[in-house]
Structures are given as C-alpha cells and as structure tokens.
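**Q** If you're matching them up, the sequences are chains A and B in order. The first sequence begins at 1 in this note's numbering and counts up one residue at a time. The second sequence begins at 1 in this note's numbering and counts up one residue at a time.
Mixed in with the good hints there might be a few duds.
Cβ-to-Cβ under 7 Å is the rule here; a few derived chain B residues that face chain A [as the list claims (entries may be wrong)]: (1) E87; (2) I120; (3) A127.
No lab work stands behind these hints: they were computed from the structure. The C-beta atom is built at its ideal place from N, Cα and C for all residues, glycine as well.
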Amino acid sequence: MKTKVITVIGIVFAGAVTCAHAQWLDYPDARTPRTKDGKPNLTAPAPRVKGKPDLSGLWQAERSPKREYDAVLGNFTALQPDTYDITTNFLNVFWGMKPEEEPLRPDAAAISKDRRERLQDNTFTRCLPGSIPAALLVLTFKIIQTQQEVVMLSEMATNPPRQIYTDGRSLPKNPDPTWMGYSVGRWAGDTLVVDTIGFNDKAWLDAFGHPRSESMHITERYRRRDFGHMDLDITFDDPKYYTRAFSIKISVNLVPDSDLLEYVCNENERDRAHMAK
Amino acid sequence: MKPVVFAIAFTALAMPLAAQWQNYPTPGIPRTPDGKPNLSAPAPRTPDGKPDLSGVWTPRNGLKYFQDLSTDGIEIPMLPSAKALYEQRKGNLQKGHPSERCLGHGVMDFNTVPTPRKIIQTPQVIAILFEAYNQYRQILMDGRPLAEPTEPSYHGYSVGRFEGDTLVVETNGVNDKGWLDMNGHPQTETTHFTERYTRRNFGHIDLEVTVEDPKAYTKPWTVKLGGLDLMADEELMEAICENERDYSHLIGK
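Isolated chain A, as found in the complex (with noise of 0.2 Å):
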C-alpha cells in the first residue's frame, strides 16, 4: 500500500514541479532593505502604502519539512526530491488531522476515493488550472497591489492570474462559474481579507481529489509579518460536500531579487500519457 501511495504521489507531482524557481536575472530591486552585508534584511518592517501593509512582491509557501513526509510515506522524499517545493496541504487539506475529523460528506468521501484511483486526472496534469489553494503552495506567485484591485499572477500558469477587486464592490449574486472564481477584497486591520465565490466543481482542492462545489466559498486571510514573511490562514467553506468549514495555515515566504519565469503548460503536454493508473 505504502508503495501505491508513493507512486501516486510522484504521479500527481510530475504535472506540476517542472520549472522549480524563478530566478530571471537577479535583478536586486532597490526598494529592498537590506543589511549591512548586502543581504535582503527579510525581518526589516512590512513596508506600507497609503497606510496599509503593501503585499507586492513575489512569493512562496513555506515549504514542509522532509520528515512530515516521512513520517506517513516513508522514504518518499528519497523517491521524489521535489517534495522540498511543497506543502503538505498542496497533498491533503485535510493533513494532520485524524480520519474521522475530516468533514467529508458521503459524497465527497466518494468523489476522493475514486480521484485517488486516477490521480493522473487532476486539472494540472492536462495544464488546467489548480486554482486555489494549489495556486498558493507550490510554486512562487507574485502580488502587484494597487487601490483599486491585487493582482496575483502565478508561476503554476496553469492557473489566469487573479483579481481581487479591493474598490469597495460586494460579491456578485449568482457570477458564472469560473475556474478561479470572482473575489473581493478588504482591509481588516493589517490584514487583508479576500472573498472568492463563483467557482466551477471542475478543481481538485488537493491531490487526493477533495472536491469543491459551484457553492465554495473560499475566505483567504494574508497577514505581512515583516519584510519578509506572511502569514496565510485559507478557510474553505462548501456545505455541499462538506459538514463544516476547515481552514489550513501556512507560512509564505518572499523570494527576493527575483522573478517570474513564463512556464507555458500547453507546450509540454506530454507526462499525462506516461502516467500509470
């Protein structure tokens, strides 16, 4: 069993780590403090604009630590090195938490078990979006914010790049669906506190195929510690598929002095046929 689960799991990550990081020239930008030795000065205050903290940058979940992998897969990271760009979460929303916790409804619980039968069949293996939270937990987005709206742009470029309209404007009441869904955002103190509705069913909410309905309600919470670091509570909330919301907590890191890099999916659709059922 422990070796299927280690297969299906290399299977999941082929789709999704081939360009790791985004290192476009190394461009130290100016507008880093930095310390005396030249180095980003990463706990150096957020910085502020217009009296709010300025998410812009590029950044990168926290990725988990080896021996959270080993601990339930055994040797798997010896199998599949790319496990050090990842989160848990990006695996299992519901990682860490004892079985019968989980808020699956019966339905849901079924949707996941027969995904885990066909991992191969994830969005991002036929260069679909992972929307969110997939988007968040791999590979580096990056934030451009302006008054009116923040643009997230995402390296995994499967996924449009995002808008989250922060002009004042409510959700919509019944949006098309959409693969990233229709956000709004807002300013609760220092933290900025995003509203996405308007989802499709289409998106897996992690590779072992918990689903999301057109109901989804997804409540991102993103707090800039310092320079530096940003806190990132995701509350997911579907009352169709599941018995309550559950939240996940990660820890995003900025990747100073770099870059996007354009990953184009179409281009190089070729692992979906070399993956094993």
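Fit chain B to the known structure of chain A by using the hints.
**A** Here is chain B on its own, set in the frame of chain A:
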C-alpha cells in the same frame, strides 16, 4: 480560399467575445451628461504625472494586421530564409500556428488580435493580463536595463520607460516559436521589439511597433497598428483554452 484561412485563424480564439462581467461601471471614467463614457476626454495621469494606461482595451482594426502585418503596404525586409518560412506558412494555410495547440500569441500578435486585455500600471511594473490563453506580460518600470536573456520565452523580457507622454517598451529574450502574424512572418531568438504606446485621449492608445532582427530581417522596420480602444465598464472574463479540438481539424496542404 480566403474564408477557410480566416476560419482557421479564429477557431482557437473567438470563444468569449466580449468581457461583460456584471456591467460594473468602472470608477473614474469621465462621462457625458447622459452617463455614457466620454472617450474623447483627456487621458488620465498617475500621481507622478505620467499618462496612466490602466484599463481594459482591445485592438482596433486588429484583424487585418493580425492576418498580415504588411496589409497596409509596408515593405517587410525579409532575409531569404525568413521569406521562405513566411511563404511556406502562408502557403500551408497557416497550419502550425501556436494557437492551434492553445499556445497563444507573442508580443506582436497580441497587439493585433482583437481580444480584451487589461493594463494595470504601477510605478514599478505594468502588467498586461490577456483574456485569451490565460497569459500575461510584465513590463518592468523600475529603471533596470534590458538584460542578456537567459531563457527564451513567448513574451520575452520587457522593460519600459516614458519618453514624454509615450511609453516605450523594449523587449528581447523571445523564442523562435511565435509568429508575428497569422501568415507567419517569423520571429527568432534575436528579435528585438520596440513598442510605443501613446494614450491620445481617454478612449484610445496609439501604438506602433519596431522590429529589429538581423537573423530574419535586413533592417529594422516599423508598423503602425490600429492601436487600442478602451472597453469602458467592461472586465476580463476567464478563458481557459480547454477545448483543444481544433488541431485535428486543420487541414494544411
């Protein structure tokens, strides 16, 4: 023969025609007394006095340039190898264009393909989000020089600066897979684009592009495109090219 060619060119791109998300009136648009956007009002400016190009835009008269950049009679000074490739692509009914595999467009043909795009301008970076093909460009405005490109890509590496009221964008580092137009004027890894964007008034941006590439063209050449028209009170729609069924129907010759 012509209709076939046009039909092919559009199959991949013509799905979501207009962005009509909610009809939310864009804040900050000057309006005439009857509430309609006043597109001949002066162009807006950023707090530091530069023209602000932000907004949702679509190319004007895009199709003719999208088909072939020489459409207005400009002479494109191709080297023999480039000429041969162009003739071959054109003669083969444009089969092989990256869009037939959902690969989208590059710097030049995104300036002509009539699909919406949103420009988001900040002092450090100008982002252009394209509705089609899920692609974006970044134009870095922080004063950095155009660097020696490392990884060739569809959109290359772009830096911008203002010359008076004109945004001048220089791009290198593109790959040789993109086509400059549907008839297949080639780009190579040494292609250098210079785009000049001038927001003439609230509703229109003039745009001309200069192409320089000693591996494909005998000298630099410039094409004045139709420019960009503002799509007031519109928003981008999500468009995922997930219906990749065109390719098998393209016939070629």
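**Q** In ascending order, which of the hints set out earlier in this document are inconsistent with the structure?
**A** 1
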